[in-house]
Amino acid sequence: MPAAGFVLEKRKQGEALKKAFEINRAEITDMIKDSGLKGRGGAGFPTGLKMYLCGAAADTIKYVICNADEGEPGTFKDRVILETVPEKVFEGMAITAYVIGAKEGIIYLRGEYEYLKAGLENTLDGMRKNNLLGEKILGGNFDFDIKIVLGAGAYVCGEETALIESLEGKRGEAKNKPPFPVSSGLFCHPTLVSNVETFCNIPHIVTEGAQWFKNIGSEKSAGTKLVSVSGDVKKPGVYEIPFGMKVKDLLKLVEAGNTKAVDIGGASGIVIPESQFDREISFEDIPTGGSVIVFDKTRKMIDVMENFMEFFLDESCGQCTPCREGTKYFVDAVEKIKNGRITDQELKNLRDISNCMKLTSKCGLGQSSTNAFISILDNFKEELLS
Amino acid sequence: MTVSSKISKKEIINELDNILSKTNLERENLLCVLEELVRKFGYLNDIMAVEVGKRFGVDPNEIYSVASFYAFLPVKKSGKYKIRICRTISCKLKNADKIVEAIEDEIGIKFGGTTKDMKFTLERANCLGMCDKAPAMLINDKVYTELTPEKAKEIIRSYKNK
Numbered sequence: 001m002p003a004a005g006f007v008l009e010k011r012k013q014g015e016a017l018k019k020a021f022e023i024n025r026a027e028i029t030d031m032i033k034d035s036g037l038k039g040r041g042g043a044g045f046p047t048g049l050k051m052y053l054c055g056a057a058a059d060t061i062k063y064v065i066c067n068a069d070e071g072e073p074g075t076f077k078d079r080v081i082l083e084t085v086p087e088k089v090f091e092g093m094a095i096t097a098y099v100i101g102a103k104e105g106i107i108y109l110r111g112e113y114e115y116l117k118a119g120l121e122n123t124l125d126g127m128r129k130n131n132l133l134g135e136k137i138l139g140g141n142f143d144f145d146i147k148i149v150l151g152a153g154a155y156v157c158g159e160e161t162a163l164i165e166s167l168e169g170k171r172g173e174a175k176n177k178p179p180f181p182v183s184s185g186l187f188c189h190p191t192l193v194s195n196v197e198t199f200c201n202i203p204h205i206v207t208e209g210a211q212w213f214k215n216i217g218s219e220k221s222a223g224t225k226l227v228s229v230s231g232d233v234k235k236p237g238v239y240e241i242p243f244g245m246k247v248k249d250l251l252k253l254v255e256a257g258n259t260k261a262v263d264i265g266g267a268s269g270i271v272i273p274e275s276q277f278d279r280e281i282s283f284e285d286i287p288t289g290g291s292v293i294v295f296d297k298t299r300k301m302i303d304v305m306e307n308f309m310e311f312f313l314d315e316s317c318g319q320c321t322p323c324r325e326g327t328k329y330f331v332d333a334v335e336k337i338k339n340g341r342i343t344d345q346e347l348k349n350l351r352d353i354s355n356c357m358k359l360t361s362k363c364g365l366g367q368s369s370t371n372a373f374i375s376i377l378d379n380f381k382e383e384l385l386s
Numbered sequence: 387m388t389v390s391s392k393i394s395k396k397e398i399i400n401e402l403d404n405i406l407s408k409t410n411l412e413r414e415n416l417l418c419v420l421e422e423l424v425r426k427f428g429y430l431n432d433i434m435a436v437e438v439g440k441r442f443g444v445d446p447n448e449i450y451s452v453a454s455f456y457a458f459l460p461v462k463k464s465g466k467y468k469i470r471i472c473r474t475i476s477c478k479l480k481n482a483d484k485i486v487e488a489i490e491d492e493i494g495i496k497f498g499g500t501t502k503d504m505k506f507t508l509e510r511a512n513c514l515g516m517c518d519k520a521p522a523m524l525i526n527d528k529v530y531t532e533l534t535p536e537k538a539k540e541i542i543r544s545y546k547n548k
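Chains A and B are the protein sequences, given in the same order. Everything in the first sequence is counted per my numbering, starting at 1 for the first residue and increasing by one. Everything in the second sequence is counted per my numbering, starting at 387 for the first residue and increasing by one.
Hints may be right or wrong, so weigh each one.
Pair by pair, the computed Cβ-Cβ distance ranges are [claimed, not checked]:
(1) A:LYS234 with B:ASN447: 48 to 58 Å
(2) B:LEU411 with A:ASP59: 19 to 29 Å
(3) B:PRO446 with A:ASP34: 46 to 56 Å
(4) B:GLY499 with A:LYS214: 50 to 60 Å
(5) B:LYS440 with A:LYS129: 33 to 43 Å
(6) B:LYS440 with A:GLY318: 27 to 37 Å
(7) A:ILE61 with B:ILE433: 34 to 44 Å
(8) A:GLU325 with B:LYS463: 24 to 34 Å
If you want a taste of the chain A side facing chain B, the calculated C-beta under 8 Å gives, among others [claimed, not checked]:
(9) PHE76
(10) ARG79
(11) GLU112
(12) GLU114
(13) TYR115
(14) LEU167
(15) GLY169
(16) LYS170
(17) ARG171
(18) GLY172
(19) GLY231
(20) PRO236
(21) GLY237
(22) ASN307
(23) GLU315
What the hints contain is simulated information worked out from the structure, not anything from laboratory work. Positions of the beta carbon are idealized from the N, C-alpha and C atoms, including for glycine.
Whenever a hint applies, use it, and build me the whole structure from the sequences.
Set out below in structure tokens:
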């Protein structure tokens, strides 16, 4: 692991929270803004701006939600964070709550991770005992507590408006934005939703400062990224890399050999061939929520395509037409490619449909569901259509 | 957890009373109540939808609509132990299909099926977040990783006597 690693390091509990209490709220917001921290779930929205917007919303009730519905194929870094340093995530949530003026926090834990719940409850209890959660935290005037809510096996609930619907006891269907959750979220109150890894970064920025954070990573992508590496590598696992690391350097780190292709960003990401391995993992080049899947030269790209397209067909919630119909269309297209029966006109139509889905699907699921298909088609055309 | 082919209304009402003694009737707790019912009975049926609906003041169709959205809230008869094998590419690369075959062989049912004694249901699951220890499966809330066909069969056998 490179020297930049800090996200998975243990640190003194409560130190960042204590420091946050000594600074005024606006200053912390500015600090997070200046640090350049962006959401680590994949979308990369500036966290400081989110804090500012949610803090500025006029309401006496606000919520902080930690999105632990990690469902992107090939992603397991949030699991590792929650197994290793859950207290930092909770402290990050508490600092955020203090800044925006929330009293209630919720961690939405995917149903598949139910076995983590007991350990997380223990951590929460320990923090309550140490007065880092609950009433009058650290003897001040700030009350905040966190509860854990279990998801029930729906990928789309990782989308923030769908997640909120699910928390309200409804079908997890995404909603049109605006309004954004920062102005009208859970029970129509301002709500800040962020990824596990994002919250985990906050205590570090508060204690070490914005400049320290900015010094790590690339120009437009400050800090580090946890990537979950799986597939044809000798050392699969979670790696913390500074933003801007080249794909080929990551491959060296995880001891990949004979590599043909790398999927970055999971089923909703893109698949690149060897000729693009000097591209960077960053918001300015290839962003990722954390998934990196490596394929060696024995693998067929059509199998990857098929797996991902079936995934989206399965997980599309079905409420909006482009996604519901489009995902089916792409599964059928894979079948046609497999049988060597796809025509040039059909391929052209598929690109149009893909664009239409990007433009008109209600949420990120439909919008990104064809990324893998199109990138495999572009990058491995000869293999696919031979 | 008791799973039988027929669950009596009385059993359901008793369990619901039990669950609701710890939970209030705010709509936000609906999923959690349904999850508890699945934990107890293995799946949700019409009687449960009606009874839960009555308590929450929500139409039973709405209860069904919510439940049917979520993979972990089965609305058709389902076994006591739900075996969910990851179908995602990282597990596939590590021969997840062989695990499926081994388990199908061990319990004598195909994907999507439930054993006659209502003990096991075999399902595909999307990424379980265990890609570094592929292939992986869940049995109810327990996760099993780095499976081999032999290891998978052994795990299933250990559940047969539970």
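Here is what the structure says about each hint:
1. A hinted range of 48 to 58 Å for the beta carbons of A:LYS234 and B:ASN447 is consistent with their spacing of about 53 Å.
2. At roughly 25 Å, the beta carbons of B:LEU411 and A:ASP59 sit within the given window of 19 to 29 Å.
3. Restraint check, B:PRO446 to A:ASP34: a C-beta distance of roughly 53 Å satisfies the suggested window 46 to 56 Å.
4. Taking the beta carbon of each, B:GLY499 and A:LYS214 are about 55 Å apart, inside 50 to 60 Å as hinted.
5. For the pair B:LYS440 and A:LYS129, the supplied restraint of 33 to 43 Å holds, since their beta-carbon distance comes to about 40 Å.
6. For the pair B:LYS440 and A:GLY318, the beta carbons lie near 28 Å from each other, so the given range of 27 to 37 Å is met.
7. For the pair A:ILE61 and B:ILE433, the beta carbons lie near 37 Å from each other, so the given range of 34 to 44 Å is met.
8. A beta carbon spacing of about 31 Å between A:GLU325 and B:LYS463 agrees with the range 24 to 34 Å that was offered as a hint.
9. Because the smallest distance between the Cβ of A:PHE76 and any Cβ of chain B comes to about 4 Å, under 8 Å, the interface hint for this residue holds.
10. Interface hint at A:ARG79: satisfied, since its Cβ lies 5 Å from the closest Cβ of chain B, which is below the 8 Å cut-off.
11. Checking A:GLU112 against chain B: minimum C-beta separation of about 5 Å stays under 8 Å; hint holds.
12. This hint holds: A:GLU114 has a C-beta 4 Å from the nearest C-beta of chain B, less than the 8 Å allowed.
13. Of the supplied interface hints, the one on A:TYR115 holds, with its beta-carbon coming within about 5 Å of a beta-carbon of chain B, less than 8 Å.
14. A least Cβ separation of about 6 Å between A:LEU167 and chain B falls short of the 8 Å threshold, and the interface hint therefore holds.
15. Because the closest C-beta pair between A:GLY169 and chain B is about 4 Å apart, less than 8 Å, the hint holds.
16. Restraint check, A:LYS170 versus chain B: the minimum CB separation of about 6 Å is within 8 Å; hint holds.
17. With a cut of 8 Å, the hint placing A:ARG171 at the interface with chain B holds, because the nearest CB-to-CB distance is about 4 Å.
18. A distance limit of 8 Å between C-beta atoms decides the matter here; for A:GLY172 the minimum to chain B is near 6 Å, and the interface restraint holds.
19. Contact between A:GLY231 and chain B, as hinted, is supported at the beta carbon level, the nearest pair being about 5 Å apart and thus within 8 Å.
20. Hint status for A:PRO236: holds, given a least beta-carbon distance of 4 Å to chain B, under 8 Å.
21. The closest approach between the C-beta of A:GLY237 and any C-beta of chain B is roughly 5 Å, which is under the 8 Å cut-off, so the hint is satisfied.
22. Taking 8 Å as the C-beta cut-off, the interface hint given for A:ASN307 holds, the closest approach to chain B being about 4 Å.
23. Given hint, A:GLU315 at the interface with chain B, holds; its Cβ is 6 Å from that chain's nearest Cβ, closer than 8 Å.
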